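Number of protein chains: 2
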Amino acid sequence: MSSLIRLHIDAPLAEGGKASISRAQVHYLKTVMRRGEGDPLVVFNARDGEFAATIESLGGKGGVVAAGARRRAPEPEPDLWLAFAPVKRGAVDFIVQKGTELGAARFLPTTTARTNAARVREDRLAAIACEAAEQCGRLSVPAVAPLRPLAAMLDEWPAGRRLMYCDEAGDAPDEEWGGRAGRAAPALEALKDAPAGPWAILIGPEGGFAPEERARLRRLDFVTPVTLGPRILRADTAAIAALTLWQAALGDLRRV
Amino acid sequence: MSSLIRLHIDAPLAEGGKASISRAQVHYLKTVMRRGEGDPLVVFNARDGEFAATIESLGGKGGVVAAGARRRAPEPEPDLWLAFAPVKRGAVDFIVQKGTELGAARFLPTTTARTNAARVREDRLAAIACEAAEQCGRLSVPAVAPLRPLAAMLDEWPAGRRLMYCDEAGDAPDEEWGGRAGRAAPALEALKDAPAGPWAILIGPEGGFAPEERARLRRLDFVTPVTLGPRILRADTAAIAALTLWQAALGDLRRV
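Those sequence lines, one after another, are chains A and B.
Sequential numbering from 1 applies to the first sequence in the numbering used here.
Sequential numbering from 1 applies to the second sequence in the numbering used here.
Since the hints were made in silico from the structure, they are not lab data.
Any given hint could be a false lead.
[Unchecked claim] Using 30 Å as the maximum straight-line C-alpha spacing, the simulated DSS-like pairs for lysine-lysine come out as follows:
no., chain 1, residue 1, chain 2, residue 2
1, B, K18, B, K61
2, B, K30, B, K18
3, A, K88, A, K18
4, B, K30, B, K61
5, B, K88, A, K88
6, A, K61, A, K30
7, B, K192, A, K30
8, A, K88, B, K30
9, A, K30, A, K18
10, A, K192, B, K88
Since we're looking at a predicted model, the values are computed, not measured.
From just these sequences and the hints, can you work out the full model?
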């Protein structure tokens, strides 16, 4: 028995209602997955939930699905952003795909002093996020923000959101940076008594953050520096490890 | 200033001693990294530690390095195996690379009932593990075991080693399997009061474990079933998440 296809539909869904699907979605259903009219699938979005559905029509300009019973109601999701310095394209794709599997709500590509790659294809990353959301069973599709410099992102930081910053050079004496004293704690420990509420994770580039960037980060009162262990992690490994640890400490990798 | 190259040398290293390097290592140093005689590097292995060193000669059949001061003594490392069902080649490469960054001591490619790929290139994976070990700063290079079926691996399981088994179908009622009652706990919770000592992690194939495999696993007294959260993780994501959580609970992602 082939497994049910999950399709994200960014339009109102309701039991007994119909929804349009795009030309790209028609192509996927018809040509890639070889489904046809009358075949079952699952449709979802974060606002309305997840519904059993049936393919009604698949045409050249688009298609229609008919929503049946709702299988899942909308549910709260962890409010967790992932800011990361763009690395090689494959690694960026990977961060977005696996970050989606691990429940990130929003991706913020962030240029830093030592960032090599200066461009990201946000539309491409949005498609990767959508596909990963469909595959992993979540109701929302995380957004991909436009590329911003770290300084601007920090200047515009929304009040009330904390930032877990993964500091590879965690053993640099803080006196040099004029910030808080002490080595960055392991992530789980640092988050143990942390406030619930909105958070973000910041992963630096392969070359690490520049001294002035680290100094600024360590002085900000919404920042929690953490270490991800004794080995040097590639940026994509660090992103996945950090997301996992945050979800285990404060998110939905805990028993609820 | 270019960063120091770290080279794994599987031969005795001692302050003031010399060690041979392979033709492949000569090629890497000379042709890829453009180093020459007299240039500094770092050499290491798990038995002797890490040493400052100098390139003494780079010839057609091999080379010689001269070890200087020891920078790091040998140190205990977490005794953690990673058993995984082989998925697509890129994902397997990725599991070995990132598993090395996250401190796995040994990789056990494991065929299961629903395994698609039936072959792994152990020599290739060994090279990936070595390069990742050099890059991430660890002293040991994890071994890659020959491909074995799950049943055989369990038949030969060494006494005293526990197995954390990541159960994607964690909500199946245990009465069906005749095993322990209850949903698999989140990994961190399951490990909270776990015994120290040797452990392994088992990650299943994309299609999951077959019912008889899950039944057997849940009946074994050295097995701890865990869940990795509410979303479906690809095998490579699951491997990284599981390693991270184990290291945070019992390994070296904790403060020591």
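Hints and how they fare:
no.: 1; hint: K18/B - K61/B; verdict: 16 Å, holds
no.: 2; hint: K30/B - K18/B; verdict: 18 Å, holds
no.: 3; hint: K88/A - K18/A; verdict: 41 Å, violated
no.: 4; hint: K30/B - K61/B; verdict: 13 Å, holds
no.: 5; hint: K88/B - K88/A; verdict: 21 Å, holds
no.: 6; hint: K61/A - K30/A; verdict: 13 Å, holds
no.: 7; hint: K192/B - K30/A; verdict: 48 Å, violated
no.: 8; hint: K88/A - K30/B; verdict: 25 Å, holds
no.: 9; hint: K30/A - K18/A; verdict: 18 Å, holds
no.: 10; hint: K192/A - K88/B; verdict: 37 Å, violated
When the structure is compared with the earlier hints, violations turn up for hints 3, 7 and 10 and for no others.
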